[in-house]
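Participant: As a plain string of letters, each chain reads:
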Amino acid sequence: MTIILNAEAMQRVLSRMAHEIVEQNDPIEGLILIGLQTRGVFLARRLASRIREATGRDPPTGSLDISMYRDDLNLRGSPPTVKHTDIAFAVDDKSAVLVDDVLFTGRSVRAALDALTDIGRPRRIQLAVLIDRGHRELPIRPDYVGKNMPTSCREQIQVRMKEEDGVDEVAIEKL
Amino acid sequence: MTWTRKHLLTIEELSAEEIMLALDTAASFKEVSTRTIKKVPALRGKTVVSLFLEPSTRTRVSFELAAKRLSADTLSITAQASSITKGETLKDTARNIEAMNADFVVLRHSAAGSPKFLADRLNASILNAGDGAHEHPTQALLDAFTIREKLGRIAGLNILILGDILFSRVARSNIWALTKLGARVTLCGPTTLVPAVFRELGVTITTRLDDALCEADVVNLLRIQHERQRKTLFPSTGEYSRLFGLSRERFRLTKPDVLIMHPGPINRGVEIASEVADCPRSVILEQVTNGVAVRMAALFLLNGVQNRIAQGVPPETLQPRENSVSPPGESDLVADATA
Numbered sequence: 001m002t003i004i005l006n007a008e009a010m011q012r013v014l015s016r017m018a019h020e021i022v023e024q025n026d027p028i029e030g031l032i033l034i035g036l037q038t039r040g041v042f043l044a045r046r047l048a049s050r051i052r053e054a055t056g057r058d059p060p061t062g063s064l065d066i067s068m069y070r071d072d073l074n075l076r077g078s079p080p081t082v083k084h085t086d087i088a089f090a091v092d093d094k095s096a097v098l099v100d101d102v103l104f105t106g107r108s109v110r111a112a113l114d115a116l117t118d119i120g121r122p123r124r125i126q127l128a129v130l131i132d133r134g135h136r137e138l139p140i141r142p143d144y145v146g147k148n149m150p151t152s153c154r155e156q157i158q159v160r161m162k163e164e165d166g167v168d169e170v171a172i173e174k175l
Numbered sequence: 001m002t003w004t005r006k007h008l009l010t011i012e013e014l015s016a017e018e019i020m021l022a023l024d025t026a027a028s029f030k031e032v033s034t035r036t037i038k039k040v041p042a043l044r045g046k047t048v049v050s051l052f053l054e055p056s057t058r059t060r061v062s063f064e065l066a067a068k069r070l071s072a073d074t075l076s077i078t079a080q081a082s083s084i085t086k087g088e089t090l091k092d093t094a095r096n097i098e099a100m101n102a103d104f105v106v107l108r109h110s111a112a113g114s115p116k117f118l119a120d121r122l123n124a125s126i127l128n129a130g131d132g133a134h135e136h137p138t139q140a141l142l143d144a145f146t147i148r149e150k151l152g153r154i155a156g157l158n159i160l161i162l163g164d165i166l167f168s169r170v171a172r173s174n175i176w177a178l179t180k181l182g183a184r185v186t187l188c189g190p191t192t193l194v195p196a197v198f199r200e201l202g203v204t205i206t207t208r209l210d211d212a213l214c215e216a217d218v219v220n221l222l223r224i225q226h227e228r229q230r231k232t233l234f235p236s237t238g239e240y241s242r243l244f245g246l247s248r249e250r251f252r253l254t255k256p257d258v259l260i261m262h263p264g265p266i267n268r269g270v271e272i273a274s275e276v277a278d279c280p281r282s283v284i285l286e287q288v289t290n291g292v293a294v295r296m297a298a299l300f301l302l303n304g305v306q307n308r309i310a311q312g313v314p315p316e317t318l319q320p321r322e323n324s325v326s327p328p329g330e331s332d333l334v335a336d337a338t339a
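Residue numbers (our numbering), protein chains in the order written: chain A, 1 to 175; chain B, 1 to 339.
Don't read these hints as lab results, they were simulated from the structure. Among the hints, a few may not be true.
[Said to hold, decoys possible] Once the Cα atoms are required to be at most 20 Å apart in a straight line, the calculated EDC-like pairs of lysine to aspartate or glutamate come out as:
| no. | chain 1 | residue 1 | chain 2 | residue 2 |
| --- | --- | --- | --- | --- |
| 1 | A | 83 | B | 215 |
| 2 | B | 150 | A | 86 |
| 3 | A | 162 | A | 23 |
| 4 | A | 83 | B | 149 |
| 5 | B | 150 | B | 278 |
| 6 | B | 38 | A | 20 |
| 7 | A | 83 | B | 18 |
| 8 | B | 68 | A | 164 |
| 9 | B | 68 | A | 92 |
| 10 | B | 255 | B | 211 |
| 11 | B | 86 | B | 54 |
| 12 | B | 39 | A | 118 |
| 13 | B | 39 | A | 92 |
| 14 | B | 38 | A | 71 |
| 15 | B | 68 | A | 8 |
| 16 | B | 30 | A | 114 |
| 17 | B | 255 | B | 149 |
| 18 | A | 83 | A | 164 |
| 19 | A | 147 | A | 71 |
| 20 | B | 39 | A | 86 |
| 21 | B | 39 | A | 23 |
| 22 | B | 255 | B | 227 |
| 23 | B | 150 | B | 215 |
| 24 | B | 39 | A | 143 |
| 25 | B | 30 | A | 86 |
| 26 | B | 38 | B | 286 |
| 27 | B | 38 | A | 23 |
| 28 | A | 83 | B | 211 |
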């Protein structure tokens with residue numbers, strides 16, 4: 001196992017991503033952050049607090065569960081645990097940033113696009129990911145990337161976050 | 001915890017963890033019904049057949065809505081409008097449905113054990129929507145869901161089930177679910193309708209209704225199942241109402257934050273006074289709302305297991321341990337499942 005981001009590096013990466021989001025979404029009104037369950041939700045909250053520090057504005061943050069939208073429900077080893085979708089504000093005409101921990105095949109993002117557009121019609125949807133590991137199976141690209149990490153399919157990226165795992169780090173493991 | 005059952009036949013066979021998983025999953029599905037677009041693609045391309053051989057409004061509509069909100073195709077067969085009136089057996093009806101490649105069969109039948117009978121013979125997943133006086137698992141799940149949502153917990157609560165226990169599948173499924181989740185369940189009603197043998201299920205039986213009402217956190221009222229009673233078990237509806245009905249006066253004895261529940265259909269003025277049924281402590285219609293979420297969760301969980309079987313996971317490794325204790329008071333009610 002190799003650590004590719006430690007706690008300090010993760011902080012720096014998130015600060016940079018927050019500033020990039022602010023830069024691309026000027027004026028900041030209308031910006032909303034939607035985290036994909038589970039770790040995307042924590043990442044979205046952390047980005048939101050950095051955006052608040054930078055702009056004084058607090059972008060609304062919601063969580064999205066995509067297990068009802070996956071196209072590989074019948075291929076996965078075990079049925080997914082369905083977590084909550086909690087978006088307590090209207091997404092119509094907003095500038096939405098989907099936040100996920102790892103971008104891999106792009107299938108989660110496709111499901112997230114379906115899930116989000118069933119809830120409303122944002123004016124624009126962007127994508128922020130902590131790690132882009134390549135191997136896309138769909139024409140999907142991120143707008144904000146924490147770290148590009150070329151991987152082989154026999155490797156696994158482990159994102160650990162304080163809120164869930166007690167520690168902030170990203171590791172790469174051989175399967 | 002992973003769901004491993006292909007069928008939802010009884011609450012009796014479920015563990016507390018399985019019940020909690022179903023409730024947690026239902027909580028996520030409840031949000032779907034609050035959207036403008038009340039539909040998710042989780043069961044796209046699957047077929048759900050409702051086979052209702054006893055009258056039902058709520059359960060049938062609720063299952064059908066749940067299936068539709070998961071994007072499944074649904075069709076509904078009722079006894080009066082089917083070939084069952086021409087003498088076809090349950091097994092043959094079901095095999096014909098299966099020949100059309102249905103993935104789920106939702107069965108309501110007057111014979112206890114009929115869902116198990118179908119589960120042993122068909123490839124489809126069977127969901128028990130009420131079998132005689134045996135079980136009504138999704139009703140118990142939605143009742144538990146409503147209690148947990150309203151009061152924040154189930155363990156340690158005093159739950160009074162009042163009315164016709166003997167003939168009630170809702171009572172049996174509720175007793176299994178609520179005792180497994182750690183609630184203290186008390187039964188009350190006419191002694192002819194509350195058999196002492198139910199004590200073996202870990203519940204208290206009382207005839208002191210007023211005391212029980214004072215202590216109850218939840219009062220679950222049951223309708224008198226006239227259709228199942230073959231002989232007279234209490235003198236009159238009027239007397240039942242006087243002695244066991246939740247009147248305005250009796251309602252005053254309850255705790256200020258009591259939950260009044262009823263699986264429906266309610267008989268106003270018999271087991272519940274109109275004012276009580278419509279008061280703010282009554283969650284009867286919220287139970288109906290939650291029923292859709294619970295049934296979506298049930299279909300979703302069973303579908304996950306179906307998909308794993310289709311991938312070649314052997315079904316026996318999916319099935320948790322068998323629990324073969326049959327509910328008391330059932331033996332004299334079991335009819336021939338093929339009737």
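Participant: Confirm or reject each hint.
Facilitator: Now the hints, each set against the structure:
1. 83(A) - 215(B): Distance ~35 Å between residue 83(A) and residue 215(B) Cα, so the pair is violated.
2. 150(B) - 86(A): holds, 19 Å
3. 162(A) - 23(A): violated, 28 Å
4. 83(A) - 149(B): holds, 16 Å
5. 150(B) - 278(B): holds, 17 Å
6. 38(B) - 20(A): violated, 35 Å
7. 83(A) - 18(B): holds, 16 Å
8. 68(B) - 164(A): violated, 35 Å
9. 68(B) - 92(A): violated, 25 Å
10. 255(B) - 211(B): holds, 11 Å
11. 86(B) - 54(B): Answer holds: residue 86(B) to residue 54(B) is near 16 Å, not above 20 Å.
12. 39(B) - 118(A): holds, 8 Å
13. 39(B) - 92(A): Between residue 39(B) and residue 92(A) the Cα gap is close to 18 Å, so the pair holds against 20 Å.
14. 38(B) - 71(A): Roughly 19 Å between the alpha carbons, so the hint for residue 38(B) and residue 71(A) holds.
15. 68(B) - 8(A): Distance ~48 Å between residue 68(B) and residue 8(A) Cα, so the pair is violated.
16. 30(B) - 114(A): holds, 18 Å
17. 255(B) - 149(B): holds, 18 Å
18. 83(A) - 164(A): Holds, at about 14 Å.
19. 147(A) - 71(A): Judged against 20 Å, a Cα distance of about 27 Å means the pair is violated.
20. 39(B) - 86(A): Holds. Residue 39(B) to residue 86(A) sits at ~16 Å (cutoff 20 Å).
21. 39(B) - 23(A): Violated, at about 36 Å.
22. 255(B) - 227(B): violated, 33 Å
23. 150(B) - 215(B): holds, 17 Å
24. 39(B) - 143(A): Violated - the C-alpha atoms of residue 143(A) and residue 39(B) are around 29 Å apart, more than 20 Å.
25. 30(B) - 86(A): Between residue 30(B) and residue 86(A) the Cα gap is close to 11 Å, so the pair holds against 20 Å.
26. 38(B) - 286(B): holds, 17 Å
27. 38(B) - 23(A): The hint is violated at about 36 Å.
28. 83(A) - 211(B): Since the Cα atoms of residue 83(A) and residue 211(B) sit roughly 41 Å apart, the hinted pair is violated (cutoff 20 Å).
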